[in-house]
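Visitor: Let's have the full structure, built from the sequences with the hints guiding it.
If you read the sequences in order, they're chains A and B. FYI, the numbering for the first sequence is 1 to 381, going by our numbering. FYI, the numbering for the second sequence is 1 to 398, going by our numbering.
Think of the hints as simulated: they come from the structure by calculation, not from any bench. Just so we're clear, the structure is a prediction, and the values are computed from it rather than from any experiment. Just so it is clear, CB atoms sit at the ideal spot from N, CA and C, and this is done for glycine as well. Mixed in with the good hints, there may be bad ones.
According to the in silico footprint, chain A covers these stretches of chain B (three or more CB under 8 Å from chain A) [claimed, not checked]:
| hint | stretch |
| --- | --- |
| 1 | 67 to 77 |
| 2 | 287 to 297 |
| 3 | 309 to 315 |
| 4 | 326 to 340 |
Derived SDA-like pairs: lysine to any residue, alpha-carbon spacing no greater than 20 Å straight-line [as the list claims (entries may be wrong)]:
| hint | chain 1 | residue 1 | chain 2 | residue 2 |
| --- | --- | --- | --- | --- |
| 5 | B | Lys287 | A | Arg132 |
| 6 | A | Lys265 | B | Asn387 |
| 7 | A | Lys273 | B | Ile388 |
| 8 | B | Lys315 | A | Asn6 |
| 9 | B | Lys148 | B | Ser199 |
| 10 | A | Lys273 | B | Asn387 |
| 11 | B | Lys287 | A | Asp371 |
| 12 | B | Lys287 | A | Ser367 |
| 13 | A | Lys265 | B | Val393 |
| 14 | B | Lys315 | A | Asp371 |
| 15 | A | Lys273 | B | Lys287 |
| 16 | B | Lys391 | A | Glu258 |
| 17 | B | Lys391 | A | Ala284 |
| 18 | A | Lys265 | B | Gly395 |
| 19 | A | Lys273 | B | Gly395 |
| 20 | B | Lys315 | A | Arg286 |
| 21 | B | Lys391 | A | Leu11 |
| 22 | A | Lys273 | B | Leu394 |
| 23 | B | Lys391 | A | Arg286 |
| 24 | A | Lys273 | B | Lys315 |
| 25 | B | Lys391 | A | Ala272 |
| 26 | A | Lys265 | B | Ile388 |
| 27 | B | Lys391 | A | Phe277 |
| 28 | B | Lys391 | A | Asp371 |
| 29 | A | Lys115 | A | Ser131 |
| 30 | B | Lys79 | A | Ile274 |
| 31 | B | Lys315 | A | Arg132 |
| 32 | B | Lys391 | A | Asp306 |
| 33 | B | Lys391 | A | Val266 |
| 34 | B | Lys287 | A | Thr366 |
| 35 | B | Lys315 | A | Ile4 |
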Amino acid sequence: MTLILNEEQELLRDSAKSFVDDQWQLNQLRANRASPKSGTIDTGLWQQMVELGWAAIPFPEEFGGLGLGYAELGIVMEEAGRKLLISPLLSSVVLSGSAIELAGNNDQKTEHLPKICDGSGLYAMAYQETSRHEPENVHAALTKSDGGYQLSGHKQLVINGGSANHLVVVCRSSGDAGDRDGLSLVLVNSSAAGVSIANNLLLDSTPSANITFTDVPISPEDILGEIGNAADVLDEVYARAAIALSADMLGGIQSAFEMTLEYLKVREQFGAKIGTFQGLKHRAGRWFCEVELSRAIVLKALRSIDSGSSNLARVSNACKARCTATYQLSGKEGIQMHGGIGVTDEHDIGLYFKRARVTEILLGDTSFHTDQVLRTSQVAY
Amino acid sequence: MSDLNTFRQETRAWLNENCPASCQGDDNILPDILWGGRRQKIDEPDVQLWMDRLVAQGWTIPGWPKEYGGGGLSDDESKVLAEEMSAIGTHSPLYSFGISMLGPALLEYATEEQKREHLPRIASGEIRWCQGYSEPGSGSDLASLQCKAVKDGDDYVVTGQKVWTSTADVSDWIFCLVRTDSDAPKHEGISFLLIDMESEGVSARPIVLLSGASPFCETFFDGVRVPIANRVHEENKGWSVAKALLLHERTMLAGGPGRASTGDQKRTLLQVARDSMNAPTGPLPDKAVRAEIAQTEMDQMCYAATLQKVQDAAKAGKGMGPEGSMFKLYLSELGQRSADLRQRLNGADGLIWDGDEFHPEAKESTREWLYSRASTILGGTSEIQLNIITKRVLGLPE
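Guide: Rendered as structure tokens:
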């Protein structure tokens, strides 16, 4: 495992960068607020990304994938993150795709993974029920009914939930909220009877949904993996997602940093460039260190997925915690160093500040990951 | 690649034949580091034998050219040698400022004659070097240094004082920055001299630190005669040599390739906390401390990844990226945070300077904590590192 990009990866970065630059404007985020379809995804843009193969990157070729890894997917997510591009990469490819790939049987993978890869299906994962990311705090109930099962419960913060035609739902087939035993994964068609979707626009213009399931019939073929035994798969899915999200965050972190650095070099006050003032300069230097540490841990974490590292959980904790902290720093310092213009909606730096908070809450904030890293320490505490 | 395999076989055979059994394995008798120098005494005959054979082979510094006492090995061959040594649990214990700092600078700037005189004696461990940079009035503003060297015949006459000269009291030679032109702009009147510590008029005195240790000295030069032939690079161009050398120093201080980076304490931070809170199992009762330990663990993971990234880039021939300049800054501060936490977790035991009854590790951790305050000052303060990063890497205006 080496922490540098090879030639193919550099080429992928270049092509991702030029696609994002050509096809996506930050202004889209502002426009989305006023759009009546703001709670859903721009499928035209997504189809273009699919045609570039991005949705197929991490999946085996037998299921329509490119047989590459997260090292490659991370590059695309980082470039998308630079411009705060809104897409189903996290929800459909990483979260839902990983759940199906890791828990599904051959029939399920054959049916669903090609749809993720070719964009004919849009998937979202419904896991969170409370205001915080608490993977085992699941109430949504999977109960037996005539000839099968039924699902009832309420989910929130389902990213792209309103656009998805398939939902991967974390539910409980036995035990109590907080137990690892009894967690199950099911596939639900979003147009099925008993599925009620409320669309929300998040503060960074990400489409999200709250979804209520009322006695939704679930056939045994739609249960992913062994019933009641999904906890280990979920650990891996969340670890992958936290790392892939960190790659997206790294992109935003760099943009906010570069934008501010440029401003320090041109803005003048007291007859001097403000970048000459040590009060700002040294803070920029420390900020740079945080960016570099974030970059290294993201590279390391992405490769830890690909190498099947036994240390994945801990690396994902360190990665998400670090990127969360650095994105927060980037948003706050970015605004502060821009001064007045930084707090206006007109300037882009504030968009990064907003995105930093959304990505912080998604998949666990710093205190969540700090807590986890000690639980998964060699001697848990 | 097959050449490398041949080299591996030959190396294995050589080690097999030449490394004494007592110098191999987990319980080998080798010290971690031998600093070398005229005052060094090696009591164990096997260690002396191993050193003599390594020196003869040039493998105390395998990457240096053979004519200067090195092994003339490529990077790949050096790596194979390190792997083969590691496989039988042995190492080359010689390590010094001569190896890590002066040697690379001499290779870049010294005359052929100077290289032939000094490099082999660094490689053999015969001469131990110390560094004469800072002065009482020139700390962060190093280039303002005043220690004066005036030409007189074939010599310079050196007068002045150096401070923070690590191990000057046990070293044989000192590499020194001296002022050779007082009228020129400060960076352009400095020369780089090699001075024998046994010269008439040189004296050194240890400085006691907060921790009670005294790795540093102050060194005085009172009309010391130094041959002009001992000047490295041109007169008044010593700052270039100094800068190159500072880079090597910072790489070393940042735990450069292969060297331990964050210390190997006996107890983990968690264990110290458990002992001091009398909480042998289960979650730590103090949630804030728990979070601090976790933060330190995660910071170390991030630092290790950053270091690995640079090393991987170096191996791929891509050179050190901009992250190189942050190592000294970040590692010293991380080490400081973790030493501070460890000492604090020792609680009452950590307050004891000396006595009959306290945890044996507490004393050491208290001294390390006190010493750690020096790490963000020596080799360029954190603030100086930030100046370098913002100027050289970020290109911020001055």
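Visitor: Against which earlier hints does the structure fall short, listed by number upward?
Guide: As far as the earlier hints go, 1, 14, 15, 20, 21, 24, 28, 29, 30, 31 and 32 are violated by this structure, in ascending order.
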